[in-house]
Amino acid sequence: MAIAEAPRGPITRPEAPPWTAVLHDWVTTVDHKKIGILYVLMAVVFLVVGGVEALLLRWQLVRPRYDFLGPDTFNQMFTMHGTTMVFFMGIPILVGMGNYLVPLMIGARDMAFPRLNALGFWVTLLGGLLVYFSFATGGAPAIGWFAYAPLTERTFARSAATDFWALGLMVSGVGTIAAAVNFIATILTMRAPGMALRKVPFFVWTMLWTSVLIVFAIPPLTAGLAMVLLDRHLGAHFFDVQNGGSALLWQHIFWFFGHPEVYILILPVFGMVTEIIPVFARKVLFGYEFMAAATAAIAFISLGVWAHHMFTVGMSRTADLFFIVSTFMISIPTGIKFFNWLATMYGGRISFASPMLFCIGFLSMFLIGGLTGIMLGAAPFDFQLQDTYFLIGHFHFVLIGGTLFGVFAGIHYWFPKMTGRMLSERLARWQFWLLYVGFLLTFGTMHISGVLGMPRRIYTYDADRGWALLNQLTTLGAIIQAPSFVLFVCNVFASLRNGRPAGADPWDAWTLEWSTPSPPPAYNFAVIPTVHSRRPLWDLKHPDDPDWQYD
Amino acid sequence: MSVATTTMAGPPAGQSFPVPPAIRPEHTLSPGQWGMLSFLVSEVALFGTLIVTYLFYVGKDVVGPTPAEALSLGLVVCTTACLLASSATVHVAERRLERGNQVGFLRWWLATLVLGAAFLGGTAFEWHDLIYRHQLTISRNLFGTTYYTLVGLHALHVTAGVSIMLIVLGLALCRRVTSANRAGVGLVSWYWHFVDGVWVVVFTVVYLVGR
Amino acid sequence: MILLAQSTSIFDPASPPAESIRSLSVLVLAITGFIFIAVEGILIYSIVRFRRRAAAGTALPPERAGESGMREKEPPQVYGSKPIEIAWTAAPALVVFVLVLVSARTLWEVNVPPPQPRERDNTLFITVVGCQWWWEYTYDRYNGRELGFTTANELHIPAGDKGVPRPVYLTLKSADVCHSFGVPRLGGKTDLIPGRTNSMWFQTDKPGLYLGQCAEYCGTQHANMLIRVVVDSPSDFEAWLANERKPAVEHPDVRAGRSAFLGQSCVNCHRVRGTPARGSYAPDLTHLISRKTLASGMVENTPENLRRWVADPRQIKPGCLMPAFGLGDREREDIVRYLLTLR
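Protein chains in written order, with my numbering: chain F, 1 to 551; chain L, 552 to 762; chain A, 763 to 1105.
Just to be clear, a hint being listed does not mean it is correct.
[Said to hold, decoys possible] Among the chain F residues that face chain L by a calculated CB cut under 7 Å, a handful are: (1) A112; (2) A185; (3) P219; (4) P220; (5) L234; (6) G244; (7) P543; (8) W548.
[Stated by the list, open to error] Calculated lysine-lysine pairs in the DSSO-like style (CA-CA distance at most 27 Å, straight line): (9) K337(F) - K844(A); (10) K611(L) - K935(A); (11) K1008(A) - K935(A); (12) K835(A) - K541(F).
Quick caveat, the hints were computed from the structure, so don't treat them as lab data.
Note that the Cβ used here is the ideal one computed from N, Cα and C, for glycine as well.
Please model the entire structure based on the sequences and the hints provided.
Listed below in structure tokens is the structure:
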């Protein structure tokens, strides 16, 4: 029997907006979530650029007296690699994730100053572009990322490349300070009712202290860069040794910025890892108050250790000793954090989805980086290993093993929230193991090269130094790591298209951002929630045993 | 939007779930105030670096003129008095605005502006003298380098303050500034007090200690 | 000789500062190694012992728990423990205290200010000036005797012997940008900073060749600012000193080359003692041929390499500050033949 059916019309879908409208929306947005994603996108692009620069460096060093890159090109590459990774990858990716997550975690609808937020992003991007414009002068600056005076004076750096570099960093510094100001105002004034400062999600606490450090540490760099530009263009004598200027003054100013800078690069990651480990161990963070106090202690002490980058400049033994003591002291709160993470895992029920995998990578490698840092804090040891590959190994263990692995943990954890899709676990595992193994090969080997006397920033070396095999292993590790980044980008694109729908709370987590849909609507929360403890969603899921009973 | 969709059982029969304690309200500065405060901390770090640099280079010149030769207190004491007075006038302006006295606010705000401009004028005059009579330029010696950078950066901040106050003046003349929305005026006055405070330090370091 | 592999390992000390640092390194490595094994061990143990084991028929893993609303029972939630926190604050503090003491002791041993030169002190005082991309060595005093000559790129020092140490004190200065003098087997590195004078010391009983290189990025050819410390026996060193103090050899056969050299702009930068060439911006050439290498350790000092260098230095050391002078073949050959006599 024929069944009468209503005639079927064409399937109608709501019209997807034209790409021009989408672009306009993103370019003019003041929504913290979109701005956060813009920061992350910028960082990923610069990560790839900086990574290519690193691969070029590694290829040049694969054999003694190789002429793949000439000395000047090599020197430009390591300058740009360092500058890019620190300023246009590290800071933006952390500021971006902070921007996305902080309002959601504290139950706010946006940051305190949304337009300042947008300004901060575009200014940071402008700074990055300005630094890369230096290639248009005939070559990037070849001054090293810390640009020791008087190499930056007109006499030694004739082209305008150095000017683009200094200007670009001053400009992006403005963006960074704007972001910090925004975080401080937001975190201190826009928390949901009941969320006292001692009950904020740990990531929020670390973003607060990171912002405090930014506000103290970036302006000295801005001042120093202004001095460089004044020397180069108005005949000032800040670092002009012939006329009484001091090369050491630059070093003090730079490292007064430079050391807190590395804590700016790690504190947010400490926060991310502290969010993820409890969820995947199914246990509350062990010792929240001590972790919080340790964070503040690290921030304070980090302002007093800078001259451990200058142990070889010939300061008095008393001055050296002061910085030995402060440097060792900072290891105590860092150790406290480590033990608390372990105690959180201990007795838990640990599962190993990709966020937790990256956290374990972080723990295992940040430990090594921290320990080699302690070794270098013993100044005489540093006399031998300063400016060698041991040092490069150390800081890549903390910057990649620490910051980058932590960032990947965070991205894998919060990607479902940001996009509504799960990332592919399979691709993530491949990415993790390639990165982990390649990383250990590259930077573990560097410690040996350093101990055997290989200095940093050399474009080549003689065959009789015994470093050739070590350099080949190091380069091999880089070649193993490179595809992991490609896999990551593929994972992101593929998951955006075909990832499993995530739902609001795919990880069964406990902080406020997981109570919104994935992705959250523009206004974040229809009703601003009231919280009573550090784990508002735990309280909701376990009304019989809420956290606030144990405060 | 909703909380994670999990099925939650009600309390077991005869029992109720624990009730959280009441929330104590928090009192803190406004977002704008925390924002301005954080920004001013960054300015402290900026000026601090230049002040430390100034002190580091005091007495290290190989060629003159030295601060003792080039700097004179007369004019700069007047400009300092102007700037310090402007802090007082901006405070009075704020009080007037608080009480809804628009005319009083305009008057005292204008006075602040004028005093700030007078400071800048005096500085320009002083620099003219330094450059043409004492041959002190930024490239002359370490003193010139550090002096013009430090005092110049401060003057730049005064200029920015005066410019912002001009904008506020314009808005006030269009009756857009009232007692109800005086928060912004408060923030500008914080900035202005800060600029004054920095000048007290710079003046002491450059004109008293360094000489 | 130049191709022999030379150790520059910090674990192969030949001098008291390097030995002190090696002892410190071993201790620090032992302490941090122990911490590493303990902490990494706890990490691995926790991962293995407390991994989630799915009981039969229960909920999806946590990452999928949100979907079905079925959740496993959570393990006991432990919020913290003040005694434990104090314990693992105090223990590292103790370790830190020990490390500070050990570091301080080594620091005081290694960073010793130079003494005043005295008669028969068996001590060598040299002033090192770092230049973009070579090393200038001015020998000031040895054993109380004034020396007062300058050489470049090859640093000869006497070995100690028969219980008589012969310490070497270097005064470190820079002519342009920051450099760093580091020979790992002899001691830690110290920077050469323009406008500032630093000092360092070492001494060794073992004659031989000790390698190092500039350890502070100083521009294009930072990689090729190599350091060659030749430790001679005391008698060999005296012979070397005697030769170095003499003015340049005047060989009658190379008069043409000598005139050509003195007539060129070579003399603006180079010094050849005993001739009118008194430039001080480039390596002293008075005893050029007594050195085993050219271009600060880059190539062997052979006639062919010397010829290549004089023709176009930037073929060997791109970016170096000596340009090609566009000499005619004849003139260049004459100059090279002259230089070859400067033993």
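Tested hints:
1. Interface hint at A112(F): satisfied, since its Cβ lies 4 Å from the closest Cβ of chain L, which is below the 7 Å cut-off.
2. Interface hint status for A185(F): upheld, as the beta-carbon distance to the closest one in chain L is roughly 4 Å, under 7 Å.
3. The restraint placing P219(F) at the interface with chain L holds, with a minimum CB-CB distance near 4 Å, inside the 7 Å limit.
4. At about 4 Å, the closest approach between the beta carbon of P220(F) and any beta carbon in chain L falls short of 7 Å, and the interface hint on this residue holds.
5. Nearest Cβ of chain L to the Cβ of L234(F): about 5 Å, under the 7 Å cut. The hint holds.
6. Residue-level restraint check for G244(F) holds (minimum Cβ-Cβ distance to chain L is 5 Å; threshold 7 Å).
7. Restraint check, P543(F) versus chain L: the minimum CB separation of about 4 Å is within 7 Å; hint holds.
8. Proximity of W548(F) to chain L holds as hinted, the smallest CB-CB distance being about 5 Å (cut-off 7 Å).
9. About 14 Å separates the Cα atoms of K337(F) and K844(A), which keeps this hinted pair within 27 Å; it holds.
10. For the hint pairing K611(L) with K935(A), the CA-to-CA distance comes to about 19 Å; that is within 27 Å, so the pair holds.
11. Restraint check for K1008(A) and K935(A): the C-alpha separation of about 25 Å stays at or below 27 Å, so the hint holds.
12. At most 27 Å may separate the alpha-carbon atoms for a hinted pair to count; K835(A) and K541(F) meet this at roughly 12 Å.
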